[in-house]
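> Now for the letters of each chain:
Number of protein chains: 2
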Amino acid sequence: MKIESLTNNKVKTWNKLKEKKYRDETGLFLIEGDHLIKEALKRNLVVSTIGLTSDYDYEVTSEILKKLSCQKSGTNEIAIVKKIEEKEITGDNVVILDGIQDPGNLGTIIRSAVAFNIGTLILSQDCVDLYNDKVIRSSEGMIFNINIVRKNLKEIIPEIKLSGYTIYAATVDGDKTFDDDKKIAFIIGNEGSGIKKEILELCDKNITIKMNENCESLNAGVSASILMYELGGRR
Amino acid sequence: MKIESLTNNKVKTWNKLKEKKYRDETGLFLIEGDHLIKEALKRNLVVSTIGLTSDYDYEVTSEILKKLSCQKSGTNEIAIVKKIEEKEITGDNVVILDGIQDPGNLGTIIRSAVAFNIGTLILSQDCVDLYNDKVIRSSEGMIFNINIVRKNLKEIIPEIKLSGYTIYAATVDGDKTFDDDKKIAFIIGNEGSGIKKEILELCDKNITIKMNENCESLNAGVSASILMYELGGRR
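Keeping their order, the protein sequence lines are chains G and L. Residues 1 to 235 (the numbering used here) are what the first sequence spells out, left to right. Residues 1001 to 1235 (the numbering used here) are what the second sequence spells out, left to right.
So that you can see chain G by itself, here it is in the shape it has in the complex (with noise of 0.2 Å):
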């Protein structure tokens, strides 16, 4: 199918998409360039694509392309795509993650979760939106190889904990290692405040990972991705 204009209602639709309601209202969300739509077709979520020629499901105009793209220097190639499937909390190694709001930061943890073979990743429900778009960029696709979950984290901690995780709070004050626990999740906290107290109280260790005094702490997506390569990289 063929569309020229701007204003068209497919188009209008479509670029909704953009934000978190319609998103959530829907169902789906827009990835752009080749890489993503690959990663999202190798799950079977695409449910149409754009771009400049007929091989695709939509044939556009470059306008109609660019005012899709969240990118400033724009993209060729545009897919409709469904949210993917919340799955069981699976794996030895879990990290959950308490109010990141950095969408860059959620990207990059993401992208190193895949990497050290973490199981779940478990979102609380103040953590900035999943299919953000900055979030899908920075996560280079990794969003779809990977379980990650939105949970009330004071409901699932306590649950998961019955089913035999250890739960580790990532501070400033903790041990240097991880114990040899069998199944271990281990929480970062927002990226000023840190782990909120009422979730604190329900870990059952602190991991800190050791630096100079000069430096009060890193980057949440470098601290989680440290522990991540602790855990599932390392052991």
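Mixed in with the good hints there might be a few duds.
[Claimed, not checked] One-sided excerpt, in silico: chain L residues whose CB lies under 7 Å from chain G:
{"id": "1", "residue": "Val1114"}
{"id": "2", "residue": "Met1142"}
{"id": "3", "residue": "Phe1178"}
{"id": "4", "residue": "Asn1212"}
{"id": "5", "residue": "Cys1215"}
Everything labelled a hint here was simulated from the structure, so no lab data went into it. Here the structure is a predicted model, which means the values were calculated and not measured. Just so it is clear, CB atoms sit at the ideal spot from N, CA and C, and this is done for glycine as well.
Mind docking chain L on chain G? Use the hints.
Below, chain L alone, put in the same frame as chain G:
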């Protein structure tokens, strides 16, 4: 001194420091907020302070502060700061960045470099400007706590090899651990294209972070941080 006009010459001059050209010409840059200003004061780099009361060298209106700020939410105080002097390359662990373009990545790497006791950070001439406001902000003030130099890598690498450093290239096909070399410098390449061919040829060894095959690479700031953690944090 009190300034109330947005078109005051001082205000205009300060505002120009948002551009690299003027930072290079004057050797000055702008920083915002209590935390950064404290770090700059510790190093005696502050030329003048600008804020809303007579406690500052320049008392200005909130409109002026808003104009000078690089942040959407504005700031309460700004300082004009001297660029940090480049010192000789020191330390047993050195990190070399070949063409890092993302200011957030550079800031993150600086922060991690302080955390993991890196002696010197060497930037190639095509790295993003160190005094870009996003670099400074994401370094969380750590820019004042480490020796950072900008060099022609083709000249400096042979030079530091002569002074005893073993040069590792962070690539996808190297060894998984650093050898027991006394002095180590590792190179992280550009976010998209990696390390330049002519720079790779100058390296002694390759180093790779072991990861799941579904993930092609890590974020550059994360890769650098994990290797620094291995070098400066662990050994």
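> Given a cut of 7 Å on the nearest C-beta pair, is the interface hint for phenylalanine 1178 (chain L) held or broken against chain G?
It is violated, given that the least Cβ distance between phenylalanine 1178 (chain L) and chain G is near 14 Å, above 7 Å.
> Should the hint that methionine 1142 (chain L) touches chain G count as held when the rule is a Cβ pair under 7 Å?
Constraint on methionine 1142 (chain L) satisfied, holds at 6 Å.
> Taking the least C-beta to C-beta distance, is valine 1114 (chain L) closer than 7 Å to chain G?
Hint holds; valine 1114 (chain L) Cβ to chain G Cβ min 4 Å, cut 7 Å.
> How about asparagine 1212 (chain L): closest beta carbon in chain G under 7 Å, or not?
Interface hint status for asparagine 1212 (chain L): holds (5 Å vs cutoff 7 Å).
> Would you check whether cysteine 1215 (chain L) satisfies its interface hint, that is, whether its CB is within less than 7 Å of any CB in chain G?
Since the shortest Cβ distance to chain G is 4 Å, the answer is holds.
Of the numbered hints listed earlier, the single one contradicted by the structure is hint 3.
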